[in-house]
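Enquirer: So the chains spell out like this:
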Amino acid sequence: MKRRRAKAELNFWGQTVLCHKPPIVIAWWSAALPGLGHMLLDLHLKGFILFLFEIIINYHANLNSAMVDTFIGEFDKAKIDLNAQWALIYIPFYFFSIWDSYHSAISINGQNALMQKSPVHVPMLTIHTFGMNYLEKKLPWVGAAWSALLPGAGQFYLRRIIPALSLFIWSVMIYVNCHELDSLQLLIDGHAIDSMKVLNPEWLLFLPSVIFGSAYDAYCKAIEINQLFEKEQRAYLKKEWSSDSNFLFQRWDPHEWQQ
Amino acid sequence: MATVIGIFRSGLQVELSLQALKREGLTRESIHCLFLDPPRSLQSQHDSKADGRTKKADLGFIFATIFGVVGASIGFRMLLGPIFWGILSSLIGFLLGLLINFCYTKTFKEQTAFVIIAVNCPSRLQQTIEQVFTVNHALGLKVDS
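Residue numbers (the numbering used here), protein chains in the order written: chain A, 1 to 259; chain B, 260 to 404.
Looking at chain B on its own, in the form it has when it is part of the complex (with noise of 0.2 Å):
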C-alpha cells in the first residue's frame, strides 16, 4: 500500500482529479479531503459582519476616479491636455489608496482557499496518481510507500 497526498487550490481541477482518480478504480473510502479555509486577518475576527476576508483594493479605485476627475479638470489648463493629465493623476491616486489600504491590512494578495487530497492506494496506482496530481497543478506532493 501507499499513501499520496496532494495539496490543490481550491477550483475545478480538484474536482477533475477527483474524477481521474475514480476512473482510476479507487473507491471513496480510499480518498478523503480536506478544505483548508485561509486565515482570517485579525481585524475580521472581531468583526462578524464581513466574510474574513475584506477587499485590498476599495481605496486605490476610489481615489483614481477622484484624482482622475481633477486632474483632467486642471489639465484643461496645462501643457499636454487633460487626457495625459487624467491618465497620470488617477494612476498616483489608485498607487496612493492602494498604499493607505495596505498599511491597514499589511497584505495586497486576496486568500485563497486549499484544498488537501489523500489517497491510498495499491503501490502499481502510485506513480498514475502521482501524475494524475501534477496534470491538475498541484502545488505539492508526498508520497509514503
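The following block holds chain A by itself, in its conformation from the complex (with noise of 0.2 Å):
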C-alpha cells in the first residue's frame, strides 16, 4: 500500500527530505533571487521557471544597473538606465514569488508538523539504470565551499541533480558575460582602470544572489540529509541491534563482585 505521506524519498535524481524550513528566511532568498527560495524549498519545477524569468525580466530592465547607479549616488544616471515597461512587469513577478515561497514554506512546515513522529522509510541505496544513490553523511562546509566556488558545485556533491544543472548553466552565464574573470586577471596584472570597465554590472550584481544562495542550499541540505540518515539509523539499530534493553547492566552477577 502506497503511504498517503512520505518524509523522503531518495532516487537517481537526488534526495528530496521533509522538514521545517524558516518561512522568514526562504522568502528572504526569494527577495535576493526570485527562485532560490522554491529550490530551498525543493519545489524545483516552479523554481527553475522563476529562476529563468527572473534573469530575462531583469536583464530587460536593466534592473541591477539602475541599482548599481543608485547606490554610488548618480540617481539621473539611474532614472535614464531604467526601462520602465520591463521594470514594470518586474514589480509583481517578484513579489508573487516572496509571497509564494513564504505560504509554501507554511504549508510545508504543516505538512512536517503532521509527519514529525511518524517513523521514517527510506532506501538507504537505490540502482538504477540513470545511476545509483545512497544516503550518506555529508559535510555542509564542504557542500557550501564548492558552491561558493562554482554554483552548482555543492549541489553535485550533495547529488541535486536539477537545481546542480539549472545552477551551472546560470552560474556559467553569469560569469561569462559579467566578465569578472577577465577583470580579475586586469586587476592582478594592476591595470586597475580597465578591469573596471570590462565588467558589465547588470549581470556582475546577480554573482552575489547566486553565489551566497547556492551555498546556503549545499550547507542546508548537507544538514538535511544528515539529519535524515540519523533517523534511519536510529530507527534500524532500535529495531535490529537492541534486542535486550539491559544488555549493558546485566552482565555482572552479583555473585561475581562478591569474589
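Read the hints as simulated data drawn from the structure, not as lab findings. Hints are supplied without guarantee of correctness; some may be wrong.
SDA-like, lysine to any residue: derived pairs with alpha carbons at most 20 Å apart [to be verified]:
#1 A:LYS117 <-> B:PHE294
#2 A:LYS197 <-> B:PHE335
#3 A:LYS117 <-> B:ALA372
#4 A:LYS137 <-> B:VAL394
#5 A:LYS77 <-> A:TYR59
#6 A:LYS239 <-> B:LEU285
#7 B:LYS401 <-> B:LEU384
#8 A:LYS197 <-> B:LEU338
#9 A:LYS137 <-> B:LEU271
#10 A:LYS117 <-> A:ARG5
#11 A:LYS238 <-> B:LEU295
#12 A:LYS46 <-> A:PRO23
#13 A:LYS137 <-> B:PHE294
#14 A:LYS197 <-> B:ILE333
#15 B:LYS281 <-> B:HIS396
#16 A:LYS138 <-> A:LEU125
#17 A:LYS239 <-> B:LEU295
#18 A:LYS138 <-> B:GLN370
#19 A:LYS239 <-> B:ARG287
#20 A:LYS138 <-> B:LEU271
#21 A:LYS117 <-> B:PRO297
#22 A:LYS238 <-> B:GLU274
#23 A:LYS138 <-> A:ARG234
Starting from two chains that each stand alone, build the complex the way the hints lay out.
Expert: What follows is the structure, encoded as C-alpha cells:
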C-alpha cells in the first residue's frame, strides 16, 4: 500500500527530505533572487521557471545597472538606465515569488508537523540504469565551499541533480557575461582602470545572490541529509540491534562482585 | 568472557563495524547498540516546530549577499574596483552574520548523533573486535575482561 504521506524520497535524481523550513529565511532568498526560495523548498520546477524569468526580466529592465547607479548616488543615470516597461512587469513578478515561497514554506511546515512522529522509511541505496544514489553523511561546509567556488558544484556533491543543472547553466552564463574573470586577471596585472571597464554591472550584480544562495542551499541540504541519515539509523539500530534493553547492566552477576 | 564497548559518530562506519562483527561469528544477542541523540538546545526545547537543531549560519549567508551587492556597487566608484570590494564586503558580511548567529545560539558546531556498540564476546575475540572498532573510526573504546 502506498503511504498517504512520505517523509523522504531517494532516487537517481537525488533525495528530498520533508523538514521544517523557516518561512522568513525562505522569503528572504526569494527576495535576493526569485527562484532560490523555491529551490530551498525543493519545489524545483517552480524554482527553475522563476529563475529563468527573473534573469530575462531583470536583464531587459536593466535593474541591476540602475541599482549600481543608485548605490553610488547617480540617480539621474539610474532613471535613464531603467527600462520602465520591463521594470513594471518585474514588480508583480518579484512580489509574487516572495509571497508564494513564504506561503509554500508555511504549508510545508504543516505537512512536516503531521509527519513529525511517524517513523522514517527511506531506502539507503537505490540502483537504476541512470545511476545510483545512497544516503551517507555529508559535510555542510564542504558543500557550501564548492558552491561558493562554482554555484552548482555543491549541489552535485549533495546529488541534487536538477538544481545543480540549473545553477550550472546560469552561473556559466553569468560568469561569462559579467567578465568578472577577465577583470580579475587585469586587476592582478595592475590595470585597475581597465579591469573596471570590462565589467558588466548588469550581470555582475547577479553573482552575490547566486553564489551565496547556492552555498546556503548546499549547507542546509547537507544538514537535512545528515538528519535523515541519523533518523534512519536510529530506527534501524533500535529495530535490529537492541534486542535487550538491560544488556549493558546485566553482565555483572552479584556473585562475581563478592569474589 | 569479555565486554568491548565502542562509541562512534553516527554514520556508515557503524553499519560496517556491525557487519564485521557478524562476520566474526558473533550473534545478535551478544551485540547491543545505543543511539545517542544530540542534546537539544535550550531554545528548541520550547519550540516544537523545529527538529531540535537549528542551522547555525543562516544570517552569515544572508548578510554576505546584502554586503556583496552593496559593496560591489560602491566598488565601481573606488580604487581596485567592484570585485575586490564585493569580495571583501561579502566576507565582512558573512563574519558579521555568523557572529550575530553565535550570540543567539552560542555555538558554531552542528551537533551530530553518536552510537554506542557494546559486545559480549569470548576473550579470544577481544583483540579482533578492538581492531574492528579502531579501523572503523571509533572515538572511544572500553574493554572489560
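Enquirer: With reference to the structure, classify each hint as holding or not holding.
Expert: Quick rundown of the hints versus the structure:
Note on LYS117 of chain A and PHE294 of chain B: the hinted pairing holds, with a Cα-Cα distance of about 17 Å set against a maximum of 20 Å. For the proposed pair LYS197 of chain A and PHE335 of chain B, the alpha carbon gap of about 9 Å is at most 20 Å, so the pair holds. Pair hint LYS117 of chain A plus ALA372 of chain B holds up; C-alpha atoms about 18 Å apart against a cutoff of 20 Å. For the hint linking LYS137 of chain A to VAL394 of chain B, the alpha-carbon distance of about 18 Å falls within 20 Å, and the restraint holds.
At most 20 Å may separate the alpha-carbon atoms for a hinted pair to count; LYS77 of chain A and TYR59 of chain A meet this at roughly 17 Å. For the proposed pair LYS239 of chain A and LEU285 of chain B, the alpha carbon gap of about 18 Å is at most 20 Å, so the pair holds. For the hint linking LYS401 of chain B to LEU384 of chain B, the alpha-carbon distance of about 15 Å falls within 20 Å, and the restraint holds. With a C-alpha separation of about 12 Å, the suggested pairing of LYS197 of chain A with LEU338 of chain B holds against the 20 Å cut-off.
The straight-line distance between the Cα atoms of LYS137 of chain A and LEU271 of chain B is roughly 8 Å, inside the 20 Å bound, and the hint therefore holds. Simply put, LYS117 of chain A and ARG5 of chain A have alpha-carbon atoms about 12 Å apart, close enough for the 20 Å limit, and the pair holds. Restraint check for LYS238 of chain A and LEU295 of chain B: satisfied, since their Cα atoms lie roughly 11 Å apart, inside the 20 Å limit. With a C-alpha separation of about 17 Å, the suggested pair LYS46 of chain A and PRO23 of chain A falls inside the 20 Å cut-off, and the hint holds.
Proposed proximity of LYS137 of chain A and PHE294 of chain B is supported: the alpha carbons are some 16 Å apart, at most 20 Å. Only pairs whose Cα atoms come within 20 Å are accepted, and LYS197 of chain A paired with ILE333 of chain B is accepted, the gap being roughly 15 Å. A threshold of 20 Å between alpha carbons decides the hint, and for LYS281 of chain B with HIS396 of chain B the separation of about 18 Å falls inside it, so the pair holds. Of the pairs offered as hints, the one joining LYS138 of chain A and LEU125 of chain A holds, with about 15 Å between alpha carbons and a cut-off of 20 Å not exceeded.
As the CA atoms of LYS239 of chain A and LEU295 of chain B are separated by approximately 15 Å, the hinted pair is consistent with the 20 Å bound. The suggested pairing of LYS138 of chain A with GLN370 of chain B holds, with an alpha-carbon distance near 13 Å, which does not exceed 20 Å. Proximity of LYS239 of chain A to ARG287 of chain B is assessed by CA-CA distance (about 12 Å); at most 20 Å being required, the pair is judged to hold. Pair hint LYS138 of chain A plus LEU271 of chain B holds up; C-alpha atoms about 11 Å apart against a cutoff of 20 Å.
Pair hint LYS117 of chain A plus PRO297 of chain B holds up; C-alpha atoms about 17 Å apart against a cutoff of 20 Å. Restraint check for LYS238 of chain A and GLU274 of chain B: the C-alpha separation of about 13 Å stays at or below 20 Å, so the hint holds. Restraint check: the Cα-Cα separation between LYS138 of chain A and ARG234 of chain A comes to about 17 Å, which is no more than 20 Å; the hinted pair holds.
The structure fails none of the hints (numbered hints given earlier).
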